[in-house]
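Residue numbers (my numbering), protein chains in the order written: chain A, 1 to 251; chain B, 1 to 251.
Because the hints were derived from the structure by calculation, they are not lab data. Some hints could be false.
Copies of the same chain are indistinguishable here, so a pair counts whether it falls within one copy or spans any two.
Here are the simulated DSSO-like cross-link-like pairs (lysine-lysine), alpha carbons at most 27 Å apart as the crow flies [as the list claims (entries may be wrong)]:
(1) 207 - 193
(2) 211 - 82
(3) 82 - 191
(4) 56 - 191
(5) 82 - 207
(6) 245 - 16
(7) 207 - 245
(8) 20 - 193
(9) 56 - 245
Quick caveat: nothing in here was measured; it's all calculated off a predicted structure.
Number of protein chains: 2
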Amino acid sequence: MNAVIDCLMNHRSIRKFLDKPIEPDILDTILQAGTRAATAGNLQHYSLIVVDDPAKKRAFWDDEMLDAPTMIIAAVDEYRLKRWFELNGAPFYFDQISNLLIGYWDAVIALQNVVVAAESLGLGTVYLGEIISKDMAGILGTPAYVFPAGCVLVGYPDESPDLRPRLPLEAVVHHNGYRIPTDDQICAYFKSKDERWLLLTEETRQKFMDKGITNWAQRTTIGHYTQEFVIEDSAGVLRNLATAKFRLTLE
Amino acid sequence: MNAVIDCLMNHRSIRKFLDKPIEPDILDTILQAGTRAATAGNLQHYSLIVVDDPAKKRAFWDDEMLDAPTMIIAAVDEYRLKRWFELNGAPFYFDQISNLLIGYWDAVIALQNVVVAAESLGLGTVYLGEIISKDMAGILGTPAYVFPAGCVLVGYPDESPDLRPRLPLEAVVHHNGYRIPTDDQICAYFKSKDERWLLLTEETRQKFMDKGITNWAQRTTIGHYTQEFVIEDSAGVLRNLATAKFRLTLE
Chain A
1 MNAVIDCLMN
11 HRSIRKFLDK
21 PIEPDILDTI
31 LQAGTRAATA
41 GNLQHYSLIV
51 VDDPAKKRAF
61 WDDEMLDAPT
71 MIIAAVDEYR
81 LKRWFELNGA
91 PFYFDQISNL
101 LIGYWDAVIA
111 LQNVVVAAES
121 LGLGTVYLGE
131 IISKDMAGIL
141 GTPAYVFPAG
151 CVLVGYPDES
161 PDLRPRLPLE
171 AVVHHNGYRI
181 PTDDQICAYF
191 KSKDERWLLL
201 TEETRQKFMD
211 KGITNWAQRT
221 TIGHYTQEFV
231 IEDSAGVLRN
241 LATAKFRLTL
251 E
Chain B
1 MNAVIDCLMN
11 HRSIRKFLDK
21 PIEPDILDTI
31 LQAGTRAATA
41 GNLQHYSLIV
51 VDDPAKKRAF
61 WDDEMLDAPT
71 MIIAAVDEYR
81 LKRWFELNGA
91 PFYFDQISNL
101 LIGYWDAVIA
111 LQNVVVAAES
121 LGLGTVYLGE
131 IISKDMAGIL
141 GTPAYVFPAG
151 CVLVGYPDES
161 PDLRPRLPLE
171 AVVHHNGYRI
181 PTDDQICAYF
191 KSKDERWLLL
201 TEETRQKFMD
211 KGITNWAQRT
221 TIGHYTQEFV
231 IEDSAGVLRN
241 LATAKFRLTL
251 E
């Protein structure tokens with residue numbers, strides 16, 4: 001349809017990267033594209049933190065698979081505005097849950113622009129969700145009012161995976177109201193997941209079944225995103241919110 | 001540099017729209033582009049709700065200026081997964097703060113893809129941050145585990161505003177650690193804001209000064225995003241989180 005739509009429609013997450021750094025002017029361009037995203041009140045409630053020091057990267061993820069040359073963290077950042085306010089005799093109270101969420105929104109749409117710009121220039125990316133529970137303040141020295149919202153690895157791809165199936169559009173899109181799907185519709189929407197279960201080797205399927213896992217929905221929860229994982233991740237988020245001094249209640 | 005970078009670099013928020021509906025195939029294309037964004041675990045923890053019924057739009061915002069033909073809400077949606085899990089005998093515990101934030105991230109990067117796709121096709125957009133505190137469940141009948149993450153108005157532009165200045169890149173980008181800016185750096189970063197104060201008419205500036213507002217930082221806080229507004233917005237967010245049954249504490 002046009003080059004922009006083509007770029008968006010062809011997104012794949014890349015998990016294997018060439019050992020080749022990103023050229024400084026390319027990095028600069030994708031970061032500039034990030035900062036052109038819309039931003040609440042034109043106030044840019046975020047920072048973008050580029051991490052290419054291998055030791056710092058490993059402090060976040062000790063995972064050899066994540067061998068990208070560059071990691072970019074998008075952080076909610078109200079610290080910069082706070083200092084500007086203080087220097088101008090203006091009060092600061094942007095530490096409430098609405099500020100957290102608007103800052104989160106600001107940060108990740110800037111990061112999505114970085115991703116789209118990167119892919120248009122032949123780079124590959126993958127989002128790492130667990131950043132929200134990592135000790136960013138300890139590793140990168142972020143001050144209060146800065147919270148890790150999003151993270152991507154960026155580098156030149158060393159793989160070209162197939163497009164992954166998405167739910168059919170009618171599963172995700174509603175019109176003038178939320179249409180509660182019927183059970184049959186739910187089953188139809190998630191058919192591509194059920195098919196993944198059938199594509200597993202007999203051996204892998206047996207391993208899951210030995211753990212009482214008999215379908216892809218169970219594999220998604222008890223076989224992957226366990227309750228223990230979700231609770232641990234949430235504990236990390238709450239620690240980070242306390243460190244960043246964002247309030248979750250009105251007082 | 002390329003058509004994608006050009007599109008991203010040329011974003012303007014549009015607040016005045018032609019009285020011309022979006023063609024169904026164009027709407028379909030931009031929504032499809034939204035669903036191709038990366039998504040945590042390839043699980044699409046969001047829904048996109050298209051609102052073009054004028055009465056529903058007005059139920060959210062009774063504002064004549066917001067005359068776009070179409071509003072698109074990106075909502076965190078764990079309800080659909082919950083039903084899939086239930087129908088497959090899998091447990092549901094995706095109601096924790098980590099699920100809320102990952103769903104929020106998923107929802108708004110899909111929405112940013114919608115925005116980029118829309119702009120590439122000649123449409124204009126504007127984000128409306130206050131959606132997070134609006135009574136979406138009351139207006140659109142969203143069930144538990146669905147929370148309003150983001151919102152844009154979309155339509156054909158009836159204005160062509162100038163690019164708005166952003167903070168210099170070095171204000172927003174950090175490298176292998178958070179660099180605490182000096183006071184002088186903060187003042188330099190926000191120079192374009194101070195210039196806006198000087199560009200106000202004598203009359204407007206006098207009106208602010210009558211309220212004790214003597215610079216743009218004070219105009220931003222006590223003159224615009226007042227403490228009362230932030231608290232009220234946050235109260236709405238907390239109401240929506242309670243309605244959507246997301247937990248803000250571990251228990």
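For each hint, the structure was consulted:
Taking the shortest Cα distances, residue 207 and residue 193 sit within 27 Å of each other inside one copy (18 Å), while across copies they are farther apart (61 Å). Taking identical chains as interchangeable, the C-alpha atoms of residue 211 and residue 82 lie at most 27 Å apart only when they sit on different chains, with a minimum of 21 Å there against 51 Å within one chain. For the homomeric pair residue 82 and residue 191, the shortest alpha-carbon distance between copies (15 Å) is at most 27 Å, but the shortest distance inside one copy (49 Å) is not. Proximity of residue 56 and residue 191 under a CA criterion of 27 Å is satisfied in neither setting, with 41 Å inside one chain copy and 33 Å between copies.
In the homo-oligomer, the alpha carbons of residue 82 and residue 207 lie at most 27 Å apart only across protomers (25 Å), although the nearest pairing inside one protomer, at 53 Å, exceeds that limit. In this assembly of identical chains, the alpha carbons of residue 245 and residue 16 never lie at most 27 Å apart, being 36 Å within a copy and 38 Å across copies at closest. Proximity of residue 207 and residue 245 under a CA criterion of 27 Å is satisfied in neither setting, with 44 Å inside one chain copy and 35 Å between copies. Taking the closest pair of Cα atoms, residue 20 and residue 193 never come within 27 Å of each other, the shortest separation being 35 Å inside a single copy and 39 Å across copies.
Taking the shortest alpha-carbon separations for residue 56 and residue 245, only the intra-copy value of 24 Å comes in at or below 27 Å, while the best inter-copy value is 37 Å.
Checked against the numbered hints given earlier, this structure breaks hints 4, 6, 7 and 8; the rest are met.
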